[in-house]
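Assemble the complex: chain A is given as a structure, and chain B must be docked to it using the hints.
Chains as they are written, first to last, in the numbering used here: chain A, 1 to 205; chain B, 1 to 219.
Simulated from the structure, these hints should not be mistaken for laboratory data.
Because the structure is a prediction, the values reported are computed rather than measured.
Any given hint might turn out to be false.
[Stated by the list, open to error] Below, a list of computed lysine-lysine pairs in the PhoX-like style, where the Cα atoms sit at most 20 Å apart: (1) 76/A / 59/A; (2) 173/A / 59/A; (3) 133/B / 218/B; (4) 194/B / 150/A; (5) 194/B / 125/A; (6) 67/A / 173/A; (7) 131/B / 218/B; (8) 206/B / 150/A; (9) 125/A / 70/B.
[Claimed, not checked] Have a look at the derived ranges for each label pair, beta carbon to beta carbon: (10) 59/B / 30/A: 39 to 49 Å; (11) 81/B / 98/A: 23 to 33 Å; (12) 179/B / 148/A: 40 to 50 Å.
[Unchecked claim] Where chain A lies over chain B, by a calculated footprint (3+ residues, C-beta under 8 Å): (13) 14 to 22; (14) 151 to 159; (15) 204 to 216.
C-beta: ideal position from N, C-alpha, C; glycine also.
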Amino acid sequence: MTDHHDHDHSELSEIELRVRALETVLTEKGYVEPAALDAIIQAYETKIGPHNGARVVAKAWTDPDFKRALLEDASKAVGQLGHVSRVGDHLIAVENAPHRHNLVVCTLCSCYPWEMLGLPPVWYKAAPYRSRAVKDPRGVLADFGITLPKDIEIRVWDSTAETRFLVLPMRPKGTEGWSEAQLAELVTRDSMIGTGFPRTPGAPS
Amino acid sequence: MNGVHDMGGMDGFGKVEPEPNEPMFHERWEGRVLAMVRALGAAGAFNIDTSRFYREALPPDVYLSSSYYKKWLLGLEDMLIAKGFIAPDEVAKGHALTPAKPLKRGKFTVQDVERIMVRGQFGRDAKAAPKFKSGDRVRAKNIHPTTHTRLPRYVRGHVGVIERNNGCHVFPDSAANEAGENPQWLYTVVFDGKELWGNDADPTLKTSIDAFEPYLEKA
Numbered sequence: 001m002t003d004h005h006d007h008d009h010s011e012l013s014e015i016e017l018r019v020r021a022l023e024t025v026l027t028e029k030g031y032v033e034p035a036a037l038d039a040i041i042q043a044y045e046t047k048i049g050p051h052n053g054a055r056v057v058a059k060a061w062t063d064p065d066f067k068r069a070l071l072e073d074a075s076k077a078v079g080q081l082g083h084v085s086r087v088g089d090h091l092i093a094v095e096n097a098p099h100r101h102n103l104v105v106c107t108l109c110s111c112y113p114w115e116m117l118g119l120p121p122v123w124y125k126a127a128p129y130r131s132r133a134v135k136d137p138r139g140v141l142a143d144f145g146i147t148l149p150k151d152i153e154i155r156v157w158d159s160t161a162e163t164r165f166l167v168l169p170m171r172p173k174g175t176e177g178w179s180e181a182q183l184a185e186l187v188t189r190d191s192m193i194g195t196g197f198p199r200t201p202g203a204p205s
Numbered sequence: 001m002n003g004v005h006d007m008g009g010m011d012g013f014g015k016v017e018p019e020p021n022e023p024m025f026h027e028r029w030e031g032r033v034l035a036m037v038r039a040l041g042a043a044g045a046f047n048i049d050t051s052r053f054y055r056e057a058l059p060p061d062v063y064l065s066s067s068y069y070k071k072w073l074l075g076l077e078d079m080l081i082a083k084g085f086i087a088p089d090e091v092a093k094g095h096a097l098t099p100a101k102p103l104k105r106g107k108f109t110v111q112d113v114e115r116i117m118v119r120g121q122f123g124r125d126a127k128a129a130p131k132f133k134s135g136d137r138v139r140a141k142n143i144h145p146t147t148h149t150r151l152p153r154y155v156r157g158h159v160g161v162i163e164r165n166n167g168c169h170v171f172p173d174s175a176a177n178e179a180g181e182n183p184q185w186l187y188t189v190v191f192d193g194k195e196l197w198g199n200d201a202d203p204t205l206k207t208s209i210d211a212f213e214p215y216l217e218k219a
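For reference, chain A alone in the conformation it holds in the complex:
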């Protein structure tokens, strides 16, 4: 008899073997080369991530012309930055304001702005978030330890097409005169999804 721990272990092995078997079949058939799969994984691990979105947000906080361009056509505005990862055609930036908070979800699957934020975290792709965000966003925010004032409008963006959404959070107080690079350090992944706020100056990161 196997105990629970062994059972878990053998399940993991089973899926690992199944994935390896599939990769072998695809390689033997000449559909893919393993080195190309390695390169894809490496590219995801090194080139994309929330640091890209953070640079865009910090730039919008310091450059009013860029902010205007970003809210008008985010793909175009980010594309012109050059130093940030290239994005596809359909990025939309949505701005938080004192009277309005934006929250992004994909109820049908896991649509997420990969180029800006990296691959989505497990919770973003899982049933609790996908089911509740469109109906009870304040309850969802409470799971992240966030309470919004009662009179703030909450706008939930369900990513049902190939458009992708980036939340432009409000600039934290006490950051007057900060450089873009300093500001980018305050921008968290969750603040660009709408499930968090930027760090405040002096708070532990």
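This is chain B only, laid out in the frame that chain A set:
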């Protein structure tokens, strides 16, 4: 299809559980699955809408009890078998047993990696003028296709307002069935919380979807 993937508004799934310092992949095989899906999609074995449909079509109990990348693996296997790229017994044997089927864009190699790191383009030239403009009141149609659709159940039959025209895009309902791109206007449509969830809804809530023109009728 009215599957369990269409979760908006469902209850009972519990709390959201963020994981501090979450790794990009929890197991090595997850990265391999992601890479295989991206590579074969780029090589032309399937389009993104078809791959979504195969995940949605997993049996409901399997969908709900499988991790994210396990769903990707199961959907990928089913899709490759259905499209004749692999035979059902090949994965079990762990070796190719039948001849390969030509890929639309050929074998995926290291040289192809760069181009897949930018999202595909889904905007297309319009064949007709848009039926709706910003500010128009529209009703999400009460339709229940058994094939792939991006119109979530929780808005069907409800009235919202067009906020923005996002241009003309590949229509997933057609592309998923390999019935062509059939481009359609895509609008951001905003619904009041009370319209969707009744009088007990959060009065400050507005929810939007991006809806293709065939999903909408004048309200």
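Structure-based check of all given hints:
Proximity of residue 76/A to residue 59/A is assessed by CA-CA distance (about 14 Å); at most 20 Å being required, the pair is judged to hold. Under the criterion of a C-alpha separation no larger than 20 Å, the hint pairing residue 173/A with residue 59/A is consistent with the structure, at around 16 Å. For the hint linking residue 133/B to residue 218/B, the alpha-carbon distance of about 11 Å falls within 20 Å, and the restraint holds. About 16 Å separates the Cα atoms of residue 194/B and residue 150/A, which keeps this hinted pair within 20 Å; it holds.
A distance of roughly 26 Å separates the Cα atoms of residue 194/B and residue 125/A; the hinted pair therefore is violated under the 20 Å criterion. Proposed proximity of residue 67/A and residue 173/A is supported: the alpha carbons are some 18 Å apart, at most 20 Å. The straight-line distance between the Cα atoms of residue 131/B and residue 218/B is roughly 9 Å, inside the 20 Å bound, and the hint therefore holds. Pair hint residue 206/B plus residue 150/A holds up; C-alpha atoms about 14 Å apart against a cutoff of 20 Å.
A hinted pair counts as satisfied when its Cα atoms are at most 20 Å apart, and residue 125/A with residue 70/B qualifies at roughly 13 Å. A hinted range of 39 to 49 Å for the beta carbons of residue 59/B and residue 30/A is inconsistent with their spacing of about 32 Å. Between residue 81/B and residue 98/A the Cβ separation comes to about 54 Å, which falls outside the hinted range of 23 to 33 Å. Residue 179/B and residue 148/A have their C-beta atoms about 44 Å apart, which keeps the hinted 40 to 50 Å range intact.
Evaluation of the coverage hint for the stretch 14 to 22 of chain B: fulfilled, as 7 residues show C-beta separations to chain A shorter than 8 Å, against a requirement of three. Check result for the stretch 151 to 159 of chain B against chain A: holds, 3 residues qualifying (beta carbon to beta carbon below 8 Å, three or more required). Only when three residues or more bring their CB closer than 8 Å to a CB of chain A does the claim for the stretch 204 to 216 of chain B stand; here the count is 9, and the claim holds.
When the structure is compared with the earlier hints, violations turn up for hints 5, 10, 11 and for no others.
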